[in-house]
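Colleague: Sequence:
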Amino acid sequence: MSPLNSPSLFNVTIVRPEFFFISGFAGIPHTKYYYVFLCLCFALTLLGNTFIMFVIYTDHSLHTPKYIVVFNLAVSDLCGSTALVPQMIDTFLFKSQLISYKACLTNMFFVFWFGCVQSLTLTALSYDRCVAICLPLRYNEIVTSKSMLVITAILWIFAGTATLIAVIFISRISFCKSIVVNSYFCDQGPMHLLACNDNTPSAVIHWTHPVIILWLPVLFITGTYISIARALFKIAEASERLKAMKTCTSHLILVSVFYLPICITYAMGSAIQLNARIVNMSLTTVLPPMLNPIIYSLKTEEFTESIKKLYRRNKIHIVVRNK
682 MSPLNSPSLF NVTIVRPEFF FISGFAGIPH TKYYYVFLCL CFALTLLGNT FIMFVIYTDH
742 SLHTPKYIVV FNLAVSDLCG STALVPQMID TFLFKSQLIS YKACLTNMFF VFWFGCVQSL
802 TLTALSYDRC VAICLPLRYN EIVTSKSMLV ITAILWIFAG TATLIAVIFI SRISFCKSIV
862 VNSYFCDQGP MHLLACNDNT PSAVIHWTHP VIILWLPVLF ITGTYISIAR ALFKIAEASE
922 RLKAMKTCTS HLILVSVFYL PICITYAMGS AIQLNARIVN MSLTTVLPPM LNPIIYSLKT
982 EEFTESIKKL YRRNKIHIVV RNK
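Remember, my numbering sits 681 above the position in the sequence shown when you count from 1.
Don't read these hints as lab results, they were simulated from the structure.
Honestly, I wouldn't trust all of these hints.
[What the hints assert, rightly or not] Here are the simulated DSS-like pairs of lysine-lysine, each with C-alpha atoms no more than 27 angstroms apart in a straight line:
hint, residue 1, residue 2
1, 927, 915
2, 776, 858
3, 858, 927
4, 989, 747
5, 747, 827
6, 989, 927
[To be verified] Per label pair, the in silico range of CB-to-CB distance:
hint, residue 1, residue 2, range
7, 779, 852, 12 to 22 angstroms
8, 918, 835, 34 to 44 angstroms
9, 696, 828, 41 to 51 angstroms
10, 964, 994, 49 to 59 angstroms
11, 924, 994, 25 to 35 angstroms
12, 820, 952, 37 to 47 angstroms
13, 779, 842, 22 to 32 angstroms
14, 735, 713, 30 to 40 angstroms
15, 953, 779, 17 to 27 angstroms
16, 986, 955, 42 to 52 angstroms
17, 951, 718, 26 to 36 angstroms
18, 714, 852, 28 to 38 angstroms
Computed from a prediction, not measured in an experiment: that's the story for all the values here.
Ideal Cβ placement from N, Cα and C applies to all residues, glycine included.
With the sequences and hints as input, model every part of the structure.
Modeller: Laid out in structure tokens, this is it:
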């Protein structure tokens, strides 16, 4: 049976393959060990982010605008890793590199949706830090729990809508050149290159999507830190300046780990070698969700205090129960 069929939609013949073949690395031996490493990272991501969500949910002192965004970041990290890593393990460790057309587009939607939410959530955290340092006296007035819940809801809706539009345009492409996707999942860029019909709308989305989801957030975060730097220079006492800087350090590390590899990959475009692209993008998808609980939460004073309080409370319950 031929892997291609040609249904007619809206009087336009769209050639859709029954399956796609996910190629993965090219010419590198023992790649299974790399996927095992990603699997271990995924396990740590599940443990770390579930713990972060549990602590924030149970400790009412953490029900603040900042930790609403941190909770949202943990959710998007958990969902993003779950959308990608199990599928990738099945594809390459269990040699199941054929994926059906519908499953491929579904996989693409969820991977990019959660990735977009991660990007926009880091942007929301930079907004929170900017207001906290630049307008400390008005922080509680400007950044409220209600406003932050609205912002996070908008992030999910906007990211989902933008990703859905991109996937819809991908579904209007005829795939008659090849069914081999040169990536480690159903990646929009490599799939876009397989088109053999007029794919101008998809091409427009292919170029505008990174601008909206990647470059504009990077520009916004850069702007907020320029404002933060100006505000820090106005603080007379060195101790106060250092204290304010510490609240931004964790966020800056997360931003660097998340955005640098993606920005390099997108900036290089087709010039980047396939294996380098896969390593860059897969590590960007797996490492930040694993590191976020350690960097942003466990090194934050109020969060560590919440953990100690939770530990003491559980210890008391155990002692009372044993009596």
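Colleague: With reference to the structure, classify each hint as holding or not holding.
Modeller: To see whether the hints hold, each was checked on the structure:
1. 927 to 915: holds, 16 angstroms
2. 776 to 858: holds, 23 angstroms
3. 858 to 927: violated, 53 angstroms
4. 989 to 747: The hint holds at about 20 angstroms.
5. 747 to 827: This hinted pair holds, its Cα atoms lying about 12 angstroms apart.
6. 989 to 927: holds, 21 angstroms
7. 779 to 852: 12 to 22 angstroms: At 19 angstroms between Cβs, range holds.
8. 918 to 835: 34 to 44 angstroms: holds, 37 angstroms
9. 696 to 828: 41 to 51 angstroms: holds, 48 angstroms
10. 964 to 994: 49 to 59 angstroms: violated, 38 angstroms
11. 924 to 994: 25 to 35 angstroms: Holds - the Cβ-Cβ distance for residue 924 and residue 994, about 28 angstroms, lies within 25 to 35 angstroms.
12. 820 to 952: 37 to 47 angstroms: The hint (37 to 47 angstroms, Cβ to Cβ) holds, given that residue 820 and residue 952 are roughly 44 angstroms apart.
13. 779 to 842: 22 to 32 angstroms: Once the Cβ atoms are compared, 30 angstroms apart, the range 22 to 32 angstroms for residue 842 and residue 779 holds.
14. 735 to 713: 30 to 40 angstroms: Since the Cβ atoms of residue 735 and residue 713 sit about 33 angstroms apart, the hinted range of 30 to 40 angstroms holds.
15. 953 to 779: 17 to 27 angstroms: holds, 26 angstroms
16. 986 to 955: 42 to 52 angstroms: With a Cβ separation near 47 angstroms, residue 986 and residue 955 satisfy 42 to 52 angstroms, so the hint holds.
17. 951 to 718: 26 to 36 angstroms: holds, 27 angstroms
18. 714 to 852: 28 to 38 angstroms: holds, 36 angstroms
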